[in-house]
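Enquirer: Okay, here's what each chain looks like letter by letter:
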Amino acid sequence: AQSVTQPDIHITVSEGASLELRCNYSYGATPYLFWYVQSPGQGLQLLLKYFSGDTLVQGIKGFEAEFKRSQSSFNLRKPSVHWSDAAEYFCAVGAQGAQKLVFGQGTRLTINP
Amino acid sequence: KAGVTQTPRYLIKTRGQQVTLSCSPISGHRSVSWYQQTPGQGLQFLFEYFSETQRNKGNFPGRFSGRQFSNSRSEMNVSTLELGDSALYLCASSLERRTDTQYFGPGTRLTVL
Numbered sequence: 317a318q319s320v321t322q323p324d325i326h327i328t329v330s331e332g333a334s335l336e337l338r339c340n341y342s343y344g345a346t347p348y349l350f351w352y353v354q355s356p357g358q359g360l361q362l363l364l365k366y367f368s369g370d371t372l373v374q375g376i377k378g379f380e381a382e383f384k385r386s387q388s389s390f391n392l393r394k395p396s397v398h399w400s401d402a403a404e405y406f407c408a409v410g411a412q413g414a415q416k417l418v419f420g421q422g423t424r425l426t427i428n429p
Numbered sequence: 152k153a154g155v156t157q158t159p160r161y162l163i164k165t166r167g168q169q170v171t172l173s174c175s176p177i178s179g180h181r182s183v184s185w186y187q188q189t190p191g192q193g194l195q196f197l198f199e200y201f202s203e204t205q206r207n208k209g210n211f212p213g214r215f216s217g218r219q220f221s222n223s224r225s226e227m228n229v230s231t232l233e234l235g236d237s238a239l240y241l242c243a244s245s246l247e248r249r250t251d252t253q254y255f256g257p258g259t260r261l262t263v264l
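First to last, the sequence lines map onto chains A and B. Residues 317 to 429 in the working numbering are what the first sequence lists, from first letter to last. Residues 152 to 264 in the working numbering are what the second sequence lists, from first letter to last.
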């Protein structure tokens, strides 16, 4: 069965520092991979996605992620975080194409001023 | 283009009652999926509808059901509510199935007393 692991439940970084959120997945075929962000009381906003092709994908708000098949990872990065990036971040794999998303448990990001 | 809309945004029910939640997808989108989000279980897939037919179902009891109308709007119903059904219910829509990205609505917060 498909699964997604986000090893870090909570991460705190200082404003202006770099950020890397980890995501490992388990899936037998070529995965459809996503990162979503959720602010308190809100729905999920798509940051970026990987379906095929270039393994380094760019998203909104200055985020990028790299697909590494050998490590079954899809880590999210940002070179310099802003206070507005404080939120919960979810990695997801599409269990049947891009449908039936299986989500990780999420990583809550706190930004220190 | 308007995003995914969900009504109502908040609901309070008591055990044993039933509830119906509504989702209007992005204009032109034909696939609608539903997810349940709880602090304990995280984000879990409920079901997916496309062309008025349920295409995928998650591991939830039969008390959870849904339907899709010819205009792609969708409803989900939960009968005989239990305390554990308290959750944020998220609806997502996509243009097509399998190779298309899901866009999420703001959710309906259901509280069961």
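FYI, nobody ran anything at the bench for these hints, they're computed from the structure. Glycine is no exception: its CB is placed at the ideal position from the N, C-alpha and C atoms. Take the hints with a grain of salt, since some may be wrong.
As the list claims (entries may be wrong) - Computed, partial: chain B to chain A, Cβ under 8 Å:
{"no.": "1", "residue": "A153"}
{"no.": "2", "residue": "G179"}
{"no.": "3", "residue": "F220"}
{"no.": "4", "residue": "R224"}
{"no.": "5", "residue": "N228"}
{"no.": "6", "residue": "R249"}
Said to hold, decoys possible - Heads up, simulated SDA-like pairs for lysine to any residue below, C-alpha to C-alpha not over 20 Å straight-line:
{"no.": "7", "chain 1": "A", "residue 1": "K365", "chain 2": "B", "residue 2": "R248"}
{"no.": "8", "chain 1": "A", "residue 1": "K365", "chain 2": "B", "residue 2": "K208"}
{"no.": "9", "chain 1": "B", "residue 1": "K208", "chain 2": "A", "residue 2": "K377"}
{"no.": "10", "chain 1": "A", "residue 1": "K377", "chain 2": "B", "residue 2": "T252"}
Unchecked claim - The following label-pair restraints were derived from C-beta to C-beta distances:
{"no.": "11", "chain 1": "B", "residue 1": "K152", "chain 2": "A", "residue 2": "Q358", "range": "32 to 40 Å"}
{"no.": "12", "chain 1": "B", "residue 1": "R249", "chain 2": "A", "residue 2": "R424", "range": "41 to 49 Å"}
{"no.": "13", "chain 1": "A", "residue 1": "G332", "chain 2": "B", "residue 2": "S230", "range": "19 to 27 Å"}
{"no.": "14", "chain 1": "A", "residue 1": "W399", "chain 2": "B", "residue 2": "I163", "range": "46 to 54 Å"}
{"no.": "15", "chain 1": "B", "residue 1": "I163", "chain 2": "A", "residue 2": "S355", "range": "45 to 53 Å"}
{"no.": "16", "chain 1": "B", "residue 1": "K164", "chain 2": "A", "residue 2": "W399", "range": "19 to 27 Å"}
{"no.": "17", "chain 1": "B", "residue 1": "Q168", "chain 2": "A", "residue 2": "G357", "range": "40 to 48 Å"}
{"no.": "18", "chain 1": "B", "residue 1": "N210", "chain 2": "A", "residue 2": "T321", "range": "35 to 43 Å"}
Enquirer: Hints the structure violates: just list their numbers, smallest first.
Expert: Of the numbered hints, 1, 2, 3, 4, 5, 8, 9, 11, 12, 13, 14, 15, 16, 17 and 18 do not hold.
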